[in-house]
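The chain contents come next:
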Amino acid sequence: MVTSSFVCNRRLGAGMTLTGAEIVVRCLQEEKVDYVFGYPGGSVLYLYDELFKQDRVRHVLVRHEQAAVHAADGYARVTARVGVALVTSGPGATNAVTGIATAYMDSIPLVVISGQVPTAAIGMDAFQEVDTVGITRPCVKHNFLVKDVRDLATTLKKAFLIASTGRPGPVLVDIPKDVTAQRCEFVYPKDISLRSYNPVIKGHSGQIRKALQLLHGARRPLIYFGGGVVLADAAEKLTKLTRLLNLPCAGTLMGLGSYPGTDRQFLGMLGMHGSYEANMAMHYCDVLLAVGARFDDRVIGNTAHFMQEPRKIIHVDIDPSSISKRVKVDVPIVGCVGDVLDDMISMLESGGSTGPGKDALDAWWRQIEEWRGRNCMSYKNSDEVIKPQYVIEKLWEVTGGDAFVATDVGQHQMWAAQYYKFDKPRRWATSGGLGTMGFGLPAAMGIQLAHPGKPVACITGEGSIQMCIQELSTCKQYRLPIKILSLNNRYLGMVRQWQQIFHGNRYSESYMDSLPDFAKLAEAYGHVGLQITKPGDVEGALREAFARKNDLVFLDFQIDQTENVFPMIQGGKGLNDMILSAEDL
Amino acid sequence: MRHVLSLLLENEAGALSRVSGLFSARGYNIESLTVAPTEDASLSRMTVVTNGSDEVIEQISKQLNKLIDVVKVVDVSEAPHIERELLLVKVRAVGKDREEMKRMTEIFRGRIVDVTDSSYVIELTGTQEKLDSFIGAIDSALILESVRSGICGIGRGERVLKL
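Protein chains in written order, with the numbering used here: chain A, 1 to 585; chain B, 1001 to 1163.
So that you can see chain B by itself, here it is in the shape it has in the complex (with noise of 0.2 Å):
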């Protein structure tokens, strides 16, 4: 079963080495991991996507709780939440492609943010999902390159993640 677990750590060096070497030395598995400080600057907020039955879920969270850095976790997906992931692409956009690009971009309610005389680059967000299927809408021989963020997860209604 796939997990969203959300982590607030202390916002030191090493932080994310302790969380992404607990996870290698176990075993475990990181389908995509983010990490960023939160508006209380000593705090980071990550969200690691995993793998595995609730029993090693239920290890993941319990590994992760003993690292000292560790203050809270909670496994987000659990409860009804709302999942983002953001998408840069690069496409190449001359001829009709150009304006296929742009067709395709406003269906999947996404943005070009950087255009030249042959490319595009497209800021997309989303599911994971949808930019699944919006890499699988466009013409793949046209991606230059593709970057995307890995998943940010949170809690719908009154479930909050705070110290």
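Here chain A stands alone, though its shape is the one from the complex (with noise of 0.2 Å):
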């Protein structure tokens, strides 16, 4: 047989060409792209023959185009790199929209490739037609309709670009079914610059000087990081600065692993279900500096009440419009959050600037190690009933804190952001600002698939596994050994708590009947299936699952029914105003 690699060298020698399929993977070659996620489909038959042809792009065959974007999204938050998925036209790209919109919300870099149908057919209402730029256009970065072959190569490349720098987001190619077919000459631009993209990376440094006399000058400082530490891969730079100016910090769901979980320094979660001395002390510090976080409504509860307390704020971020959207902000620094954290570093370790007095600070470490003192993350454990803050506990345990954790949505994924304590960024996975259920199992794909032979844990519920369980066929087809952590309470357990706490106890369509048995619908797969009904059956059935390094190992937990997350702040409440246990319900 003869490889596309040398039919197309041999056709590019004297002015040859190329079709745009050909092109399109080659692009994806040139980029270096290992894995796309995808579904095939009559716009994208060419590109899927030109994929068949070649073995450098490997394809995974999802079983829901949802999944493949998610899959992408999954490998790409544990690689930094570039996910790509693959989709046909109509269903298949409004199938994936889920998948774009979670992405999008997390700024998490992807290219999306979906055919379309051919130009000529556009605004026909053609099979399988739909306006794909329109409906994707509020909910990624960028888009492309690409309606001639010779734009397709640049604009694979922009798409790249865009999607990877800056803040990072998904971007979307649409590609018509003639203009695959079509050839031109290709040659893939080495670099590419747009006039109107320029994200700002160095911060002022003027501004970051503000910033130090800011946090000299503070009595009660915090750091306060989000996803955009993780981002930027400056994990490691937040850790040395917070530790050269013993400063405690707090994380947003998204920045778990910035700054080791396991750390004194490190006061937990902060939000809705964060730990009870991160929003104190959030609510109560005096200067405040913000690092790629966007003071997100489930982190600072309600905006009013959190600005009534005086506090000087320092925002740091590459997205001028995270600044000053919800809260008003003393300093602003737009630039790239690893770039401004150097500079700062270098500031204070040229004697440019110091930290705040040792005083002032004992006295507010005194302060916090009182709020700590109220261990709000303690739960009554049980003989009887397997309570969920156990099962994440004992994980940890059993993978050493060094698992990569993707998650679905609802308690269990509050519960994992709780319990696990991520020491490390990018191992873990989870929808935060969409909060799309269905995104665990897909994601644990795409994590395993970058991470072979690494332990690959999927905490879900009963509900959410259901929204994307047919991947479980894909997980087989792959061979990826993931263990899925499912905390089965029978109800929708973040509906239903909102129910008892806000809607008189009436469990308006949150508890399922009918359940199947997912241990045997786990067998039926080809996988490994466990129902786990005893507290005392938690950690063996967990080492045995992680012991089984080949095999996908389905966990039914059957957990607490009434069990409730807590901490928690009510909605419209503020930071220093929450429940700590169901005491104080």
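Incorrect hints may appear among the rest.
[Said to hold, decoys possible] With a Cα cut of at most 30 Å, we get these calculated DSBU-like pairs of lysine-lysine:
id, chain 1, residue 1, chain 2, residue 2
1, A, K190, B, K1162
2, A, K312, B, K1162
3, A, K573, A, K328
4, A, K210, A, K328
5, A, K210, A, K421
6, B, K1062, A, K157
7, B, K1072, A, K210
8, B, K1062, A, K325
Don't read these hints as lab results, they were simulated from the structure.
Remember, it's a predicted structure, so these values are computed and weren't measured experimentally.
Got two chains here, separate frames each, mind docking them using the hints?
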């Protein structure tokens, strides 16, 4: 068989040409894409034909396009590379939208290639036609419709550039079928610049100096870090700065792992289900250094209440529109988090500035330790019924805190965030912004492919897992030995919790009857399924699961049906008004 | 506060809907929006008239700048500037109204650009207020139809919005 690269070279030898489909595959090769997650269909047949003829770009056949995008997303989150998905026109594209919006809300770099009906058929209500560029416009960083094969290579180059630079995000490239069949010469641009796109990397040194002055004079300083630190791969720098100044720090759901979760200076997660000490410190600090975070409503609670307390805010973010969006900021610093932290560290190390005074800081730490003494994450364990918190704690022990963890959305997600202590960044993949149920399993697939041989856990619930359960089949096809921990309480737990607290115990449509036997279901897909009903069996089951290096193991933990996530800040309340346990209700 | 934002954006399919989609998605107001290609055919210039507090206007201009197709954004209403809008209005013009319409058009320095035995089309440019007062000054019962372009804005003096 003649390899396609040979064919290409021969054709290119003397002004020879490639088809659009060949160009797409060549571009992916140039970008060193190793996995494409996708699902074929009529509009992408030429593309799939070219994928078939080569083996540098490997294709992963999912069972639903939503999963293709989530898998590419999970891959991107743990590798810092651009995730790539390929879907067909019409329903292929609309199924991908949830995945694209998920990535957009969490600023994950993706290139999504969608097939489109032939250019002549666009606008004719053709079979499997949908205005993909129109539908995805509000949930992509940018998108393109390529109507001329001569624009294809440049457009893909732009797509990878836009997706991976500045504040990252998904970019969609919609390619009509006829464009994939047309021919032109192939030149992949080495570099490309867009006159309208120049993300600021370097922070303004005057602003950085101002920020350090504020920190120098602070009596109750706090570092508040978010997903931007992970995206900028700046965890080490953040850790260095935090330790240099002996400051307390607290992270958002998206930022977990940017500072070691087991370290004393880490106060825990912020926000609605964050720790008491983190939220109190956030509320009562006098200088707040926000790094790669965006003052999300789930983090600061009621904005007006948050702003009542006087404090100076320094905000470092690569996206100017994130600054002063929800809260007014005193010292805005637009720039890449890593570069700005570097500058801060070097100014401190060169003696240009010093941290807060020791006395003030000691007093602040004493206050924090007092808050910490409330031990807000304690829970009543039981010998009778499995407590979800206990499952996560055991998972952390069994994996030595070193697993890659993907989650779905709901109570299990919060318990995972609270009880799995992430010491490293890019170990944690969760849908923070959009809150997409069904994210976990496909994201875990992308993670496992990126890190073969490494322990990957998907923490989920019986509600979420059923939103993408078909991917158990994909996991079998690609032999992905993911460990699925389903915290099964037969309820849509977070919905039930809100109904209990805010809606007078009226559990409207949050109970699921007629659930499948998940262990048997996993077995039907060719995996190993375990049902665990007793607390005493939790650790053994986890050890057995992780010992099975080559098997996907579905652990169906039958947990306490009434357990709620605490601490909790009720909607509209302030950060210093937390419910610490069921007794506070 | 009313603000007049001027944008240079790539003259590409979809650029307009990116801008208008941003306004609707984030709940910003658009009072008027005009757009056309510039002398450099690769660029379009857009004028958006919007309302909002200083914080909202700052967010609008940051969000606009974030769009990949948007090359530059300035708030021309921050400094001395000129605003012009075009009005075309078709009025019934018979009997004594014929002369009256012609007189009003002259007073407002408009032009009659289409004439039939029963109607005029009057062309008038000026600020929003001028067009409003013309509409107020003529007998509303005589207006058959009217169309306004929305505002174009440009800074006075040395202030230039260019690449």
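| query | Within 30 Å, alpha carbon to alpha carbon, are B:K1062 and A:K157? | reply | holds, 25 Å
| Is the straight-line distance between the alpha-carbon of A:K573 and that of A:K328 30 Å or less? | holds, 19 Å
| query | Does the structure keep A:K210 and A:K421 at a Cα separation of 30 Å or less? | reply | Violated, at roughly 34 Å.
| Pair hint outcome, B:K1062 versus A:K325 [Cα-Cα no greater than 30 Å] | With Cα atoms ~10 Å apart, B:K1062 and A:K325 stay inside 30 Å; holds.
| message | Check the hint pairing A:K312 with B:K1162 against an upper bound of 30 Å on the C-alpha distance. | response | violated, 37 Å
| message | Checking one constraint from the list: CA of A:K210 to CA of A:K328, max 30 Å. Satisfied? | response | OK: A:K210 and A:K328 at ~16 Å, within 30 Å.
| said: Given the hinted pair A:K190 and B:K1162, is their Cα-Cα distance within 30 Å? | reply: Roughly 28 Å separates the two Cα atoms, so the pair holds.
| query | Given the hint that B:K1072 pairs with A:K210, does the C-alpha gap stay at or below 30 Å? | reply | holds, 28 Å
Violated hints, in rising order: 2 and 5; the structure is consistent with all others.
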